[in-house]
Amino acid sequence: MAMKPILEIRDLEHVYMKNTPLEHRALSNVNMTINKGECIAIIGHTGSGKSTLIQHFNGLMTPQKGTVIVDGEDVLNSKIDIKALRRKVGLVFQNPESQLFERLIGDDIAYGPLKMGLPIKEVRDRVEWAMEMVGLPFDEMKDRPTYALSGGQKRKVALAGVLALQPEILVLDEPTAGLDPRSKIELLDRIKKLNRKENITIIFISHNLEEVTYMADRLYVMANGTNIIDGTPSEIFSNKNILKENNIGTPETVEILYLLQDAGFSIDSRQYEVDGVANQISSILQYFQEVRANGISV
Amino acid sequence: MASQFELTRNITIGQYIPTGSIIHKLDACFKLLSFTIMLIAIAICGTYFGNIVILAFSIALFMLSRIPIRYGLSGIKPAIPFVVILAILQLLFYGSVASGGTVLVKSGFILITTDSLRLVVVSAMRFVEIILISSVLTLSTSTTELTHGMERLLKPLKYIKFPVHEFSLIITIAIRFVPTFAMEMEKLMKAQASRGAEFGTGQWWRIVKRTKDMFPLIIPLFNSAMERAEDLILAMEARCYTPGEVRSNYKRYHIKVTDIMVLLFSILFSILILFYPFPY
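Taken in sequence, the protein lines are chains A and B.
So the first sequence is numbered by the numbering used here: it starts at 1 and just counts up by one.
So the second sequence is numbered by the numbering used here: it starts at 1 and just counts up by one.
None of these hints come from the bench; they were simulated from the model.
Heads up, some of the hints might be wrong.
As the list claims (entries may be wrong) - Okay, derived cross-link-like pairs now, DSS-like style, lysine-lysine, Cα gap no bigger than 27 Å in a straight line:
#1 A:115 - B:212
#2 A:184 - B:256
#3 B:209 - A:115
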């Protein structure tokens with residue numbers, strides 16, 4: 001399949017409060033190429049420009065310098081339909097549950113499609129689809145009041161509100177922040193399903209490296225407003241030097257592998273996922289057992 | 001377009017420019033008092049010369065505080081249309097009220113006299129003066145200092161059972177949360193715009209529609225304000241805040257000679273401005 005980038009960023013730059021004493025360079029020289037159907041993670045420390053960057057994806061911010069091309073269209077093109085762009089690139093902010101405003105769940109999710117001017121039948125279908133996608137049963141939940149929901153459920157409603165626009169790219173800013181572990185996993189699985197089954201391109205910001213290894217096809221590491229490195233999780237996490245040079249934390253599983261390596265065991269650092277690490281540990285344990293059974297002291 | 005959502009940048013309330021000048025070091029209590037006296041003088045003074053002197057004095061205040069004058073001018077800018085419209089109205093329709101002096105123009109219902117002309121010019125100058133000196137006050141005093149100063153100034157009202165401390169606490173909290181809510185609003189605008197919302201794009205006469213457009217912002221903002229208020233209550237009570245209790249202050253204020261000098265100076269200056277027989 002010939003890969004055509006759905007999102008291309010070239011030499012993007014952004015300066016906050018330009019020409020004031022409080023001038024602050026948030027982005028410089030950012031370059032990214034994201035293909036259709038990929039699941040991309042963006043990681044980086046606080047203040048590395050991640051949130052500023054994703055606001056360029058749907059035209060909330062326009063490039064001061066450089067270009068952002070979404071599905072072959074330059075966002076700086078004066079003829080671009082900004083509302084169509086925002087439908088194509090669905091953006092879910094941090095703690096999106098705070099944006100709910102309708103009394104009933106179904107009404108809140110229907111806000112976007114209604115704004116598009118779709119016929120009521122179509123709106124209903126979209127709301128139903130979006131609610132099923134995030135795991136809220138349509139018939140049971142659509143007429144429930146939003147204020148009576150738990151934090152995790154509110155977040156699902158907010159996510160459904162963006163999904164109802166049927167975006168081709170879904171951008172999420174720390175989707176699991178502040179959720180309990182169970183809701184976290186559930187939400188991640190829902191997002192993964194959107195990516196695999198519905199072929200929606202996913203771009204998400206995360207601080208949790210376990211999450212990144214679980215979800216992402218590729219990841220971009222940002223620091224001081226630029227993307228310093230990118231690659232598949234195994235490329236990045238299996239390379240000790242890259243991790244060290246760029247001051248990237250490591251997932252717990254990778255940490256264990258490197259500890260074993262330092263202790264003198266031969267390990268395969270590309271097998272960093274939970275199953276792979278478990279297999280390696282059990283084979284090491286097995287080795288010990290055999291040694292002991294043969295009566296050789298270690 | 002790029003700045004469509006940048007609300008926080010335009011907020012000047014609570015802006016404080018520390019330069020460490022003599023004006024910054026004054027006690028906020030005396031600064032407020034002097035400011036009030038000057039305000040009264042400006043409001044009463046109706047002569048050309050008097051206002052020129054006050055205008056020069058306000059500019060001198062800026063220099064003394066070492067704050068760039070453009071900060072004061074940027075406060076004047078948004079008031080210009082208002083001042084101009086007011087000046088035109090006064091010029092056209094105030095002739096019959098301020099009918100003293102000689103008649104300059106008389107045609108139809110328009111009557112312009114030297115008195116009404118003076119009223120127009122003096123009003124415009126008053127505007128500029130008030131904006132300038134209040135800019136000096138707010139730019140050279142942090143909001144905490146200002147509210148503490150106000151609290152001390154209002155202290156005598158305690159004897160008539162006016163809740164001085166509570167009043168100043170309310171003002172402190174209100175000012176403190178302006179930037180916070182602006183930030184929240186910015187985030188909400190962006191989030192709702194991402195879902196296809198539009199703000200302020202409908203025709204102005206469709207008031208109901210334009211108001212409805214704001215619901216997706218105002219309702220969540222209200223919600224979060226309530227939540228913040230509850231958090232604030234908890235945080236304050238966790239630190240043993242008790243309403244109505246006598247509270248000591250972290251900062252002690254000692255009245256300095258310069259503070260009293262400044263107060264005396266502003267009283268003398270105002271008397272001079274008001275009673276000196278300026279020829280115009």
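Consistency of the hints with the structure:
| no. | hint | result |
| --- | --- | --- |
| 1 | A:115 - B:212 | holds (12 Å) |
| 2 | A:184 - B:256 | violated (60 Å) |
| 3 | B:209 - A:115 | holds (13 Å) |
Violated hint for the displayed structure: number 2, the only one.
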